[in-house]
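Student: If you read the protein sequences in the order shown, they are chains A and B. Quick note on our numbering: the first sequence kicks off at 5 and runs consecutively. Quick note on our numbering: the second sequence kicks off at 5 and runs consecutively.
Don't read these hints as lab results, they were simulated from the structure. Incorrect hints may appear among the rest.
If several chains are the same, the list does not tell them apart, and a pair holds so long as it fits within one copy or across any two.
[What the hints assert, rightly or not] Using 25 angstroms as the maximum straight-line C-alpha spacing, the simulated DSS-like pairs for lysine-lysine come out as follows: (1) K24 - K189; (2) K24 - K299; (3) K134 - K163; (4) K299 - K252; (5) K189 - K299; (6) K83 - K134; (7) K189 - K134; (8) K260 - K299; (9) K76 - K134; (10) K217 - K298; (11) K189 - K298; (12) K281 - K189; (13) K120 - K281; (14) K19 - K189; (15) K260 - K219; (16) K219 - K288; (17) K24 - K219; (18) K219 - K281.
Keep in mind that this is a model prediction, so the values were computed, not measured.
2 protein chains.
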Amino acid sequence: MSIIVLGTVALDTVKTPFGKRIKMLGGSAVHFSMSARIFTDVHLVAIVGKDFPPQHLDFLRRKGIVLDSLIKTGGKTFKWEGEYEQDLNCALTKKTELGVLLEFCPSLASHQKNIKNVFLANVDPDLQAKLLDCLESPHLVGLDSMNFWIQNKRRSLLKIIKRVNVFVANDREARDLTGENNLIKAAASLRRLGPDMVLIKKGEHGVIFYCDKFKFCLPAYPADTVIDPTGAGDTFAGGFMGYLSRQKKLDVLAIKNAIVFGTIAASFNVEAFGMEKTSRLTLKDLQRRLTEFKKIVSF
Amino acid sequence: MSIIVLGTVALDTVKTPFGKRIKMLGGSAVHFSMSARIFTDVHLVAIVGKDFPPQHLDFLRRKGIVLDSLIKTGGKTFKWEGEYEQDLNCALTKKTELGVLLEFCPSLASHQKNIKNVFLANVDPDLQAKLLDCLESPHLVGLDSMNFWIQNKRRSLLKIIKRVNVFVANDREARDLTGENNLIKAAASLRRLGPDMVLIKKGEHGVIFYCDKFKFCLPAYPADTVIDPTGAGDTFAGGFMGYLSRQKKLDVLAIKNAIVFGTIAASFNVEAFGMEKTSRLTLKDLQRRLTEFKKIVSF
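My request is simple: use the sequences and hints to build the entire structure.
Tutor: Next up, the structure:
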């Protein structure tokens, strides 16, 4: 079944110890799409400005991403400029130009309103709520956020959290939102805010999954080539949600597999700048690395 | 088969958000012993001063630890005072009194010299080399160290590393010693320094194992009660080395199991101050938690 992703389409300028890319295609919704598309149809909901290169639109279409609810408007596309130093786990934001994001009001084409799966990637929680309101009967709703909204729109965020099935946060966000330093306690505390399922992403240290029925801890794939981790979290979420969108039952096995596929997809993302690797990924690539990964983590 | 551990016996004063203990029994060799004893006979090589409480000696004897090479001398027992704030992964050292450690010259009783397994816990690398020289034909040699020796006795440390089978380091030490930020690269780089097997401990994030034949990544047990993590690394090493000491073949299965048992032992260590939990642990306790752990990490 199809999935909708609401988020950003950005022009990213990224510097890492391995090189620099200027205004390459980026953004939470695009990184999500690159892994979710491997499993299902992806409908992208976002906004870009007049300066958005047409070849990026062609690229997204060629990847099968449905752009019917991608708004093209005057003004400037959202831009992010970041740098990673030796510690590739930690991005230093150099510049953010919100541009058209400031006027973003997401909506859906009528044929998209009955789609059952949706991922609300990191944007203003009020916009996330607005998109959720457009859907007739959502079945699987995932949510991501960031520290900025935790600090500045806490109330709106707590309201939308109640309405979702899966909340995805990184370790710092989980700690900030709950005030719990212990991540297992933080996960339990997030669960009490509403979502049945909580996923805490720990970058190079993997993920923790928490629901009432079971916990699941998974290390990251041990990548010895990390070139640019930008978008790894969204790539993970895309693999996770994309895989789940295709399952009839959200049981333990399906959830664990979804987390594993998300982890594997993210491991490709960090191996190159932007979407250089993930845009070419196939299910076969994921499965091949999964077989190797299984040997590395099983006992 | 028996195992020798060289390390410290200390009186620890520890403050965490959950309470404080003053001059409780601690030290790398003691924490190691508490988990290694579950699998095999442990021979402790260390030094204590005149002020060392006799009840601690009785306690160690009751736990089956062989104290024939524990030196009791005049002067003061090694003391460490530390504090953990909200982030229990990070100890702030408040005070260190080396005391009798400054005059420590380890030696073995003659009946101990043919023991095949040895763990050189964190002390001066020259003392570690001295103890290794006492052994007639060591078979499995494990080594731990710390940043102080990496910075101040790098040459001695690099010399002893060449002589061991297993090098155990935490993530910071692995990065400092190799200059590699990526932990997989750091592990490979440590391997090139000599030891067949490299174990990188990441605290709450688990461990990475590296050897020429295979890699193994394991998350930590998801403990929601962390009271005092002091000694968790040594408890891990004790479980790992203790388990391996009992195996005939050091194959993939044995090594993975040893890492799992070390992880489980460490998970009990953090749940209480000092050795309050690990001193009462049985193989059955470890096996019970292992069954639960397997469900949490397998897919």
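Student: For each hint given before, does the structure comply? Return the numbers of the non-compliant ones in rising order.
Tutor: Failing hints, ascending: 2, 7, 13, 17.
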